[in-house]
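Can you build the whole structure from these sequences, using the hints too?
Here our numbering = 1-based position in the first sequence + 3.
Possibly wrong hints are sitting among the right ones.
[As the list claims (entries may be wrong)] Straight-line C-alpha distance at most 20 Å; calculated SDA-like pairs for lysine to any residue: (1) 55 with 194; (2) 364 with 338; (3) 55 with 350; (4) 201 with 184; (5) 170 with 184; (6) 277 with 92; (7) 190 with 385; (8) 259 with 225; (9) 123 with 134; (10) 336 with 362; (11) 336 with 259; (12) 169 with 284; (13) 169 with 221; (14) 364 with 339; (15) 261 with 149; (16) 287 with 179; (17) 259 with 224; (18) 183 with 264; (19) 85 with 143; (20) 12 with 364; (21) 183 with 199; (22) 58 with 74; (23) 19 with 224; (24) 287 with 127.
Treat the hints as calculated values from the structure; they're not laboratory data.
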Amino acid sequence: MRMSIHIGKTLREIPKDVEIISHQFLVRGGYVHQYASGLYALMPLAQRIIGKIQKICHQFMQQRMGAQEVLMTNLSPEEIWKPSGRSVSLGSDMFRLQDRQKGSFVLCFTHEEPVVDMMKSQISSYRQLPVCVYQIQTKFRDEPRPRAGLIRLREFLMKDAYSFHKKEDDFEAYFNEMAKTYELFFKAVGFTNVISVKSDNGNFGGNFSQEFILPTEIGEDTILTCQKCGMIANQEVLETPSPDGACPQATCPFEKSKGMELGHIFHLGDRYTKPLGCYYTDEKGQKQIPEMGCYGIGITRLLPAIMETHHDEKGPIFPLTVAPYEIHMIHFKGCFDKAEEIYQSLIGEQLEVLWDDREEKPGAAFADADLIGIPFRIIVTPRSLEKNMVEVRRRDPSIPPTDIPVDQIINFMTQALDTEYKLYLG
RNA sequence: CGGGGUGUGGCGCAGCCUGGCUAGCGCACUUGCUUGGGGUGCAAGAGGUCGCAGGUUCGAAUCCUGUCACCCCGACCA
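Here it is in structure tokens:
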């Protein structure tokens, strides 16, 4: 992509009303455009990052969990939300509207009811279980207070998976495998320190759940770490009496820290399958209610979360797996033609390159590159071209630059990228 | 929903208290020159119903009333 036609103007100044660092970078780097509180357009850079995250997510869900991708609608008849009681219990947290016939609809807050409504027409025999379907789909939530850029939104993308199991199956084994998959996924998108904690079940009413939390000061959750027994819990759990949440010793000294919820997986039991009438026939010809689990990841939220954990004072430093492009190329005055040549050869090899082909001063070009956070940088200058070299730098200032002969740049980049990808994807 | 704050070109701000010519400044934008390894300098130019509505007044960005939006704290919340 040529920067001259790229949509996403960078700003030198920090817009008013923008406090946390990821939000500042999102606005200053031209990643997002706000329409209203909790409603943001993802502009090209953000959309590319989210696209990379989704791609990785699909791989893990399909290859590791054998989940089948579906796409459920967001517009949903209120009717299917009644048997579970959530049409009432979700109250005004769920957006509601009417069609022209005055029929009542909701914009899906989550998709347990829609998925059960769909799956109950599909599941009839124990032979079909277990089965897991998932989607990456928009969620609508009429949050009382959206905040912090992309962190708490009223419309956002979520990966939500739903598994269905025979009663006598070992649900917990699948659940634990999903937890393991989550850990690998979070590592793949660049997090090194996501912790998993027992958590409150909230509105989902299942038997147990596990939350994946990124420790960060700007998080909305308070994590309690027990100094004695080492148990980790979300404060919500301890404040609402919960059978398995609380630390056994009431006298345990807890250390408080802040965290952001990135994912949450639940055992739902028959919380939804039963009221919505989802059944299968077992080996003995008996009608049974499947056990269910659901597994969410806040896809949109991962972008600000990555920025919060991967940045310096100048901008984000993206892990390669989620970077909007692999290479950011800058050329100096007098090197346009050579840069064009190098750009064409790089994209000819399917490498993802953002080329700053504008007539900007080096300072401005570097400042914008820092704000865009692409991990690899190629700099084409008269000085290095004299020696038939280009400079390869990293966004991470702690990694020293190297000069590479122009005719070896493809090989070098291909190998460097390959090595870098392996750090995340194994 | 409670508390606090802010609305003036795309972005950041001044002006408001003490009402008065064509509403200023910086960034970004356009044109020309200049500069060229970390946001160069100069010149010219374009761009605004001062959130919206009503009121007071000869006259309102400025005063009054109402209203809407956005941000922060809290409540709430996969």
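Taking the numbered hints from earlier one at a time, note which ones the structure violates and give those numbers from smallest to largest.
-> The structure conflicts with hints 5, 7, 11, 13, 16, 23, although it agrees with all the remaining ones.
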